[in-house]
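A.B. asks: Quick note, the sequences are listed as chains S and U, same order.
Counting in the working numbering, the first sequence runs from 1 upward without gaps.
Counting in the working numbering, the second sequence runs from 1 upward without gaps.
No lab work stands behind these hints, which were simulated from the structure alone.
Some clues are possibly wrong.
Identical copies go unnamed one by one, so any copy, or any two together, can satisfy a pair.
[Unchecked claim] Capping the alpha-carbon separation at 30 Å, the derived lysine-lysine pairs in DSBU-like fashion look like this:
1) Lys34 / Lys113
2) Lys16 / Lys34
3) Lys109 / Lys31
4) Lys79 / Lys48
5) Lys47 / Lys31
6) Lys48 / Lys15
7) Lys16 / Lys47
8) Lys136 / Lys31
9) Lys161 / Lys31
10) Lys15 / Lys86
11) Lys48 / Lys16
12) Lys113 / Lys15
13) Lys15 / Lys42
14) Lys82 / Lys132
15) Lys136 / Lys113
16) Lys42 / Lys31
17) Lys34 / Lys47
18) Lys16 / Lys161
19) Lys16 / Lys113
20) Lys136 / Lys34
Number of protein chains: 2
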Amino acid sequence: MDLKAAIRSIPDFPKKGIVFRDITTLIIEPKTFKSALDLMEKFCRDKKADKIVAIESRGFIFGGALSDRLGIGFIPVRKRGKLPAKTVTQEYELEYGTDIIEMHADAVKPGEKVIVIDDLVATGGTLEAACKMIEKVGGEVAGIAVLIDLAFIPWRKRLGKYDILTLIQYDSE
Amino acid sequence: MDLKAAIRSIPDFPKKGIVFRDITTLIIEPKTFKSALDLMEKFCRDKKADKIVAIESRGFIFGGALSDRLGIGFIPVRKRGKLPAKTVTQEYELEYGTDIIEMHADAVKPGEKVIVIDDLVATGGTLEAACKMIEKVGGEVAGIAVLIDLAFIPWRKRLGKYDILTLIQYDSE
Numbered sequence: 001m002d003l004k005a006a007i008r009s010i011p012d013f014p015k016k017g018i019v020f021r022d023i024t025t026l027i028i029e030p031k032t033f034k035s036a037l038d039l040m041e042k043f044c045r046d047k048k049a050d051k052i053v054a055i056e057s058r059g060f061i062f063g064g065a066l067s068d069r070l071g072i073g074f075i076p077v078r079k080r081g082k083l084p085a086k087t088v089t090q091e092y093e094l095e096y097g098t099d100i101i102e103m104h105a106d107a108v109k110p111g112e113k114v115i116v117i118d119d120l121v122a123t124g125g126t127l128e129a130a131c132k133m134i135e136k137v138g139g140e141v142a143g144i145a146v147l148i149d150l151a152f153i154p155w156r157k158r159l160g161k162y163d164i165l166t167l168i169q170y171d172s173e
Numbered sequence: 001m002d003l004k005a006a007i008r009s010i011p012d013f014p015k016k017g018i019v020f021r022d023i024t025t026l027i028i029e030p031k032t033f034k035s036a037l038d039l040m041e042k043f044c045r046d047k048k049a050d051k052i053v054a055i056e057s058r059g060f061i062f063g064g065a066l067s068d069r070l071g072i073g074f075i076p077v078r079k080r081g082k083l084p085a086k087t088v089t090q091e092y093e094l095e096y097g098t099d100i101i102e103m104h105a106d107a108v109k110p111g112e113k114v115i116v117i118d119d120l121v122a123t124g125g126t127l128e129a130a131c132k133m134i135e136k137v138g139g140e141v142a143g144i145a146v147l148i149d150l151a152f153i154p155w156r157k158r159l160g161k162y163d164i165l166t167l168i169q170y171d172s173e
């Protein structure tokens, strides 16, 4: 199935010169949403994942469905200050400055194989931070699955050591 | 299944005097996540839903899985400025001041039956705003499904005209 055709490209969002790749047109169409989930599900099964770790907030859409399909636990990675219990944290770089994401410290158990889910990889900064948190608590990043790959951004220098599934690639802006 | 037992209650979060009901302990456990989704799925089927509208961001976890189970489209309601195409917006009251949520204007088609999904109902302000947006574009709110019901807060005065499924009730803080 041509998943790329289901993505809506919106020029100059959120600012001039950026082409925003809008996934809402893919997830509103049951056939394309199912097809994307089928591919991610197979990847998770091949990696024998014990848990799904999904990144706020679009990662939750795919992560929730995958956790349900696979019958394995769902763990949210959230922006700072949203998770109520004891957390592990990780700082990551933004275009200007830094930000912090968090995960509950007791969520991933030592030795567990985890798949990290998000909607898109661009710089790879958030995904790298999520992987570092998982490893801090003794988990194993069995793989990363994302819908959209902005392949013209050199995210592989950050995430090169992980096995990554991307379903739709853009080679230029 | 005792879903309430799977919720972790955390005193004084996000501020003193508030008991935070933490759903992460329910969704990390496949049995309780599945059980909650089974009940929501039945509700959506009974209502003959055409679309799932889920509220950012914890609503996405349940909404993604339900959309997948039912084979119907997923529509995100997001905080202001996140959705890239033309949106419909709705203001709602916070404890101090107001906020705005948005939905893509072309997402719900006139006459479609929609189920609104979130993790929790407290004041009902966000859910009411989501319902108003759906109605603005001609959709029909066939029902609302949430995991947690803070029943000691009088949200029914806002949402009384809708059919609402809540899975876990708290009668006091």
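A.B. asks: Can you tell me if lysine 34 and lysine 113 fall within 30 Å by alpha carbon in one copy, between copies, both or neither?
C.D. replies: For lysine 34 and lysine 113, both the intra-copy (24 Å) and inter-copy (21 Å) Cα distances are at most 30 Å.
A.B. asks: Classify it for me, lysine 48 with lysine 15: is the Cα-Cα distance of at most 30 Å met within a copy, between copies, both or neither?
C.D. replies: Neither: 40 Å inside a copy, 40 Å across copies.
A.B. asks: Between copies, within a copy, both or neither: which fits lysine 79 and lysine 48 at Cα up to 30 Å?
C.D. replies: For lysine 79 and lysine 48, only the intra-copy Cα distance (28 Å) is at most 30 Å; the inter-copy one is 35 Å.
A.B. asks: Have a look at lysine 136 and lysine 113 and pick one of within, between, both or neither, based on CA distance no larger than 30 Å.
C.D. replies: Intra 13 Å, inter 45 Å, cutoff 30 Å: intra-copy only.
A.B. asks: How would you classify lysine 16 and lysine 113 at a CA-CA limit of 30 Å: within, between, both, or neither?
C.D. replies: neither (40 Å within a copy, 37 Å between copies)
A.B. asks: Given a CA cutoff of 30 Å, do lysine 42 and lysine 31 count as a within-copy pair, a between-copy pair, both, or neither?
C.D. replies: both (17 Å within a copy, 21 Å between copies)
A.B. asks: Should lysine 16 paired with lysine 161 be assigned to within, between, both, or neither, using CA atoms and 30 Å as the limit?
C.D. replies: neither (33 Å within a copy, 43 Å between copies)
A.B. asks: With identical chains, the pair lysine 15 and lysine 42 could be close in the same copy or across copies; at 30 Å between alpha carbons, which is it: within, between, both, or neither?
C.D. replies: neither (36 Å within a copy, 42 Å between copies)
A.B. asks: With identical chains, the pair lysine 47 and lysine 31 could be close in the same copy or across copies; at 30 Å between alpha carbons, which is it: within, between, both, or neither?
C.D. replies: Close inside one copy (25 Å) and across copies (22 Å); limit 30 Å.
A.B. asks: Up to 30 Å between alpha-carbons, please classify lysine 109 paired with lysine 31: within, between, both or neither.
C.D. replies: Cα proximity of lysine 109 and lysine 31: across copies only (18 Å, versus 35 Å in one copy).
A.B. asks: At 30 Å max between alpha carbons, let me know whether lysine 161 reaches lysine 31 within a copy, between copies, both or neither.
C.D. replies: Result: close neither inside a copy nor across copies, 32 Å intra and 33 Å inter.
A.B. asks: Quick one: lysine 82 to lysine 132, C-alpha cut-off 30 Å, is that within a copy, between copies, both, or neither?
C.D. replies: both (19 Å within a copy, 27 Å between copies)
Of the hints listed earlier, those the structure fails to meet are numbers 2, 6, 7, 9, 11, 12, 13, 18, 19, in rising order.
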